[in-house]
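K.L.:
Each chain is listed here by its residues.
Number of protein chains: 2
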Amino acid sequence: MNFVPGIFILASIATVLSLDNGLMRTPPMGWMAWERYRCDIDCVSDPKNCISEALFIDMADRLAEDGWRELGYDHIMIDDCWTAMLRDEEGRLQPDPLRFPGGMLKLAQYVHDRGLKLGIYADIGKFTCMGYPGTTLDKIQIDAQTFANWTIDYLKFDGCYSSTDEQEKGYPLMSKALNATGRPIGYSCSWPAYQGGLPPKINYTFLGEICNAWRNYDDIQDSWDSVLGIVDWFFNNQDHLQPAAGPGRWNDPDMLIIGNFGLSLDQSRSQMALWAIMAAPLIMSNDLRTISSSSRNILQNKVLIGISQDPLGFQGRRLLKEKSQIEIFWRPLSHAASALVFFSRRSDMPYRYQTSLARLNYTTGSYKVLDVFTGETASFPSHTTEFTVSINPSGVVMWYVCPTSRWMHHEKEEGRRWKNRISSPKHHRLNTGSRMFL
Amino acid sequence: MNFVPGIFILASIATVLSLDNGLMRTPPMGWMAWERYRCDIDCVSDPKNCISEALFIDMADRLAEDGWRELGYDHIMIDDCWTAMLRDEEGRLQPDPLRFPGGMLKLAQYVHDRGLKLGIYADIGKFTCMGYPGTTLDKIQIDAQTFANWTIDYLKFDGCYSSTDEQEKGYPLMSKALNATGRPIGYSCSWPAYQGGLPPKINYTFLGEICNAWRNYDDIQDSWDSVLGIVDWFFNNQDHLQPAAGPGRWNDPDMLIIGNFGLSLDQSRSQMALWAIMAAPLIMSNDLRTISSSSRNILQNKVLIGISQDPLGFQGRRLLKEKSQIEIFWRPLSHAASALVFFSRRSDMPYRYQTSLARLNYTTGSYKVLDVFTGETASFPSHTTEFTVSINPSGVVMWYVCPTSRWMHHEKEEGRRWKNRISSPKHHRLNTGSRMFL
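First to last, the protein sequences are chains F and D. Per the UniProt record's numbering: the first sequence = residues 1 to 438. Per the UniProt record's numbering: the second sequence = residues 1 to 438.
Pulled out of the complex, with its shape left as it was, chain F reads as follows:
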């Protein structure tokens, strides 16, 4: 594998500089309410879908019982619209009493009892994006302590109704306040998204020191156009963004919308593949109570999750944009392996793309590849071996690529690694080794 030396160096530095709370060494996985349920607070007309403890209990049950948790989807995140319109008499945020009658500590206990982590939402401005009480600078300490008291595990800190100055002060302050509680709380910052997401306005080195993840760009919507817009922005700006990511510090292109209404199956595979290439958080926002088996199969693809969660934590890059509207993406993985995604932006018919690993910057040698979605394997006696992949319109072909000499070695190595994870009570993962390294 022809690693770009620069990435190695930056990543080594990054590991030293990242937020030292030991959390999110791989991109976080789980479920978040926002994209699918928004600010639906009408529990009278829409009791199954309104933002309420019942919704989070439903989804916690599904994460725990339908095989999600074991694959790594272990966070359940509340987003906006959970609070009452007023703080309590001691100045603390409080959940809406009608929609969260049991309170947050009890909800967190329910979530923890099922081996999951609970995420919550606040906003550095005067109000949250939907107009609920904000966490202004003077409230940061008390809110951090409230979240810790509730045994919250993750905070999404939004930036509506705040000034540049308040963001500059508030995001680092919340980082310190969370650390000061003594409870490990993953910290996701929306700061970059409010400042255009790019240097020099954004200092990603500094951001990596104070946040575990950050939203760089616009909110995702339930449409393929939205996914394409996000993909374009992240890869057009990969020279700035890619070196910023690493264990404990991740770019977040926003939630997975797989299982909702706007993506075809091929487009769903494309979002999943490209999010794994980006080392992005895999945070679904969908209805796990009614999700189709075809969407579930994509989200629960073990090889793909293994690529997403590769312990090196390198974010991948776009290698090529062809005139044929085929684009190639690549992510280096542990043990000299890598992931390749062949993506078609065409809207006519499956395109037969011919190339060789040599033309995709792979170094001399023989390789074995595993098709992530079909499970098929292939051997290339040489990096110059020509091959053809058939790529569906708005779809992908995704490969796990490995030098032949390391293939069997990986089988043993990875088998051990996954076995270790299973034996650890904190990780509820399945052994993916058997399928990943046939």
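Check before you lean on any hint, since a few could be wrong.
Any copy, or any two copies together, can satisfy a pair, since identical chains are not distinguished.
Said to hold, decoys possible - Capping the alpha-carbon separation at 35 Å, the derived lysine-lysine pairs in DSBU-like fashion look like this:
#, residue 1, residue 2
1, K48, K201
2, K126, K302
3, K139, K126
4, K48, K126
5, K323, K126
6, K48, K302
7, K321, K106
8, K176, K48
9, K126, K169
10, K139, K48
Treat the hints as calculated values from the structure; they're not laboratory data.
Using the hints, position chain D against chain F.
P.N.:
Frame of chain F; chain D shown alone:
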């Protein structure tokens, strides 16, 4: 039902003026190669998908064996790229000898033996769109006769590489030439699509006298954006287009792409619902050998096909565009019934839309409705009864609506009508009455 009187009058005139070959009294249904298979002529690398007699035999088998024909999908249409690059020594078009070794007469026989009709493609210009031999003015008569000799049942006559003048002469000339063969051949004209599709450049009254259907606008592509663009154009121009349609003369917004790669399930339901509202040809372009059951269920929805094929043949209209991005479409049907489509252009979450039939121009009375996709029924004691429908992002809710007083009557009426069709060997339709009129 509050019919718009103007529509009645125009439709009555139209019936008199439409092409008098007795064909396509309801919008044609079937399968066409273009959108899914384009000009793939590489039968060496891609033998299952190249334009060849094997492809049409495969699809004819599927239409005949998988329940399509019985529902009305009885046309199988060849598009561009079927000919040899040269005419034969007598000046006749001939199929590519390697890809159609059995010849067209034999293929037509195969298709007819399975109770299907065969469509073919030609172009009024010097070349077809993909550069194959065109049917210039001097070749119209011989090509019409060749098609009749081959026992062809339908002709799509394209307009690439032709002048406005050649179109003005050629499209009527082909109509006469087809009639002169004595064989009933459905005639689809691409003329309007080459002239902007609108009056005064297009005279739809005249077009209805010479063509059974016509393409008004751009080719469909395998994307939701393409479907939306087509829907917008047709309904933005409904005042010109809607009165042009009627039995034997149809606007054609192009093929159904359901079952391919670019549409979600909700978007697939939306295309099917809106095409039925438009009284559009239901011509699939997909792979019937591998189509998913969920796509098949949408395309084979009997109530929906019944609406599409309503014998009155009124094209529907967009009634409303709400600020909430909900749009309402309506089509009047036989026996005082009608179809309603509630369509969401949102990309966030299901939208709860509240209205009443009265606000959708329905006249005083009580109504029963049947949800086309769920099969559920509901009764409205009054046209002013308020109701709420939940519409998915990029999805539809589609209703068959009937005055309560006619509901039982319809059950008998429609039962008889469908029964008659079944007893006729020319129609291979199932009795949809039982489900449509619960």
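K.L.:
Look at each hint and say if it fits the structure.
P.N.:
Structure-based check of each hint:
1. K48 / K201: Neither, since 42 Å and 54 Å both go past 35 Å.
2. K126 / K302: neither (42 Å within a copy, 55 Å between copies)
3. K139 / K126: Result: close within a single copy only, 10 Å intra versus 76 Å inter.
4. K48 / K126: within (30 Å within a copy, 62 Å between copies)
5. K323 / K126: Classified as between: cross-chain Cα gap 29 Å, same-chain 48 Å, threshold 35 Å.
6. K48 / K302: Answer is both: 30 Å inside a copy and 31 Å across each meet the 35 Å cutoff.
7. K321 / K106: neither (50 Å within a copy, 45 Å between copies)
8. K176 / K48: neither (37 Å within a copy, 62 Å between copies)
9. K126 / K169: Within. Shortest intra-copy distance 14 Å satisfies the 35 Å Cα cut-off; inter-copy 70 Å does not.
10. K139 / K48: Intra 33 Å, inter 66 Å, cutoff 35 Å: intra-copy only.
In terms of the numbered hints stated before, the structure departs from hints 1, 2, 7 and 8, listed from lowest to highest.
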